[in-house]
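Read off the chains here:
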Amino acid sequence: MKQTKYTLSIACCALILLVSGCTSMKDPATSNIAVSKNAIANADSADAAQFAPLELQSAREKLTRANAAMADKDYKLANDLAIQAQADAKVATSKANSSKAQAAADALNADIRVLQEELTRANNQ
Amino acid sequence: MRIPFKLALITSAVLLTACSTAPTNTTLLDQTRSEYQVARNSDSVNRYAASELTQSAEALDQANAASTAHENAEKVDRLAYLAKQKIAVAEDVAKQKSAEAVVADAEKQRNALRLASRTAQADKAIANADMANQIAAVSQINEQAAQATAQAEQARADRLEQQLKDLNAKKTEHGIIITFGDILFNTNEARLNPSGVGVAQKLAMILNENPQRTVQIGGFTDSTGSADYNMALSVRRATAVSDILSGAGVTAQRIGVKGYGMSNPIADNSTAQNRQLNRRVEITLSDAGGNIVGAR
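Chains as they are written, first to last, in the working numbering: chain A, 2 to 126; chain B, -2 to 293.
Looking at chain B on its own, in the form it has when it is part of the complex (with noise of 0.2 Å):
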């Protein structure tokens, strides 16, 4: 009777110590500590839910004391569980606070983000107005410009037309011709008299007028002698009023000359009056563009 007395006492201290040294530890109070552990060291739960984690922490207290104090798990595990929650409220409460920094920074930097669009979008409209403004300048010099060419190209011609109706142009199927008769050369010679001249030194103004246009010149004769003899003099008589051209400083790339002789004639040669017809130099006078047009 004695020795188990004496066994049940040494078994219950036994018991007792055990108890008083080994703490009533949960896997979800290890995880809560844990978790613990991680808010205390979050610097956003520190800076924005500090409230949150001082409850958290008096919840963890209790669930430790709890386990101290050799209660059973499952109240243990209840503690836990309150503090666990406290601290997910903590971690929320901070994420959400920082969230909303963000948003503030973030309104501010949108804001001048708008400013600095719409300062764009102004300073191109006003760049597109300058263009605008420049181009409009420019197509109305342009257009004064082609309208002075035109007006210029217009005097000329008029001009061209008067010189030409002086000079008793006619227009033909083979381009507008210029008549030079047999009066106005020396009689059986090649050699212009004064009005001659005249008429070829008007021509000659006509030509350096209008540099694009070219001169076919041609001679005739009439049937009157040997046609070696017509031949040469009608050469020699164009020759003559291309020498004049010449002087007056017509380049001779835009001279032709050409001499026909006696064929060609412009009236039968049985009276003297017609012969005098048949005696002539024909100058053909180029487009604007420097063709002559079905040359004889």
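Chain A with its partners taken away, still in its complex shape (with noise of 0.2 Å):
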């Protein structure tokens, strides 16, 4: 008898325990949603989608399993699918930049050497 009321406290205790650290995830994984979404729509409105559709994708993806992960109370899951987003949505972001700043490079480049050759063509003439 006192052995069994020894047990059941201690599963008592486990269960607060469990339940405790499950809700303790919860916070955390809804703020990372909540940056990860921001992360996603800054990507957005750098042309990610033409500059660095697959990590913009990921992105997406990930966001869309970390919002399951919340669904089925899974926080940790859902909070480690957020960062993960995040971090793709980032790389997106970098990724259309440097591509949008080569680009705008590449075009001056050429740019200077039409005028070159001009410069050259008329003091030819």
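These aren't lab readings, by the way, just hints derived from the structure by calculation.
Cβ atoms here follow ideal geometry from the backbone N, Cα and C, with glycine treated the same way.
Incorrect hints may have been included.
Partial pick of chain B residues on the chain A-facing surface, computed with a CB cut under 10 Å [claimed, not checked]:
1) K94
2) R107
3) L110
Fit chain to chain and form the complex, with the hints in mind.
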């Protein structure tokens, strides 16, 4: 009888610990999902759909899975996926930005080549 | 019972030691570490993405710590993935900033080139305008010269016409013909009298002023006397005119001399007046090119 009581109290403690552990992951997961959404929006406005479609797609998929995990109350998985979605969205943004800057540099260099040719022609005439 | 317990203890000790000496390593973690090394050694990443590099170093530290703490491969990979993505961001930021630096530099270069191009165009336009002015000036001079030449030509033509008129020249099918009548010669002689000399000198002056023109001098007589005599006389009279022209500076190449004797009369020889008309020297003047059309 005494042993049964002891066992019950341990089980209770474990349950409380488990529940509190799970709920303690709920807030960070919610906040990280919000941050991910924001990061994906940033990537979108940086034209990631054009310049980094794979990275943007990966971020979106992970956000979707994070939301699904939230619905399943698997807050730890939701949090991990949200953090990965953020990382992917940031890569999408930086890749799009660097591609655009590179394109601008290429265009300008091409422009300069044309100008140089024109100048050479003008001087030779 | 005692021996198995001891064995279990040793086994677990070995297992623990193994764990503490062999951290959890994954392919992704290895890959991430080498990517981090590449980024850390890159000049442009250090220059343009220092804070991103620091963040990726922190993320990699967490992955390494998990590895050392024997965390499971799944957790190590999750942390390594985050580090890997941060390294990618650092590389991209470095690329972006490098490209922007190129743009800034290239814009300066382009502006300099545009300026040079415009300067070259302006220089060319000025040079073209100068050349056009020079061409205009030269063509004006040419035009004036041509006008002056035309005026001189006209003046000479006018003067020639007047001079020929003074010499009673006639335009015939054979060209312009000046006739030295019998009265310009001493009777029955080949020598010109002073009036004849004057006419011949006027003719010499015309030839000197019109150096392209040549003359054909033909001598003619009436039918009185022998043909031989008349032929000789016609030659001598033509030569007398030729001599005066030569004496006045007309070169021999421009003068042709021929005696026709009593042939080609211009009137029948029945009266003394007509015979005097037939005794003559005819000078045919060439055109401006030196040609005598249908010379007799």
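Against the structure, the hints come out as follows:
For K94 of chain B, the interface hint holds, since its Cβ comes within 10 Å of a Cβ in chain A; the closest pair sits about 8 Å apart. Below 10 Å, beta-carbon pairs count as interface contacts, and R107 of chain B has one with chain A at about 5 Å; its hint therefore holds. At its closest, the beta carbon of L110 of chain B sits 4 Å from a beta carbon of chain A; the interface hint therefore holds under the 10 Å criterion.
Checked against the numbered hints above, the structure breaks none of them.
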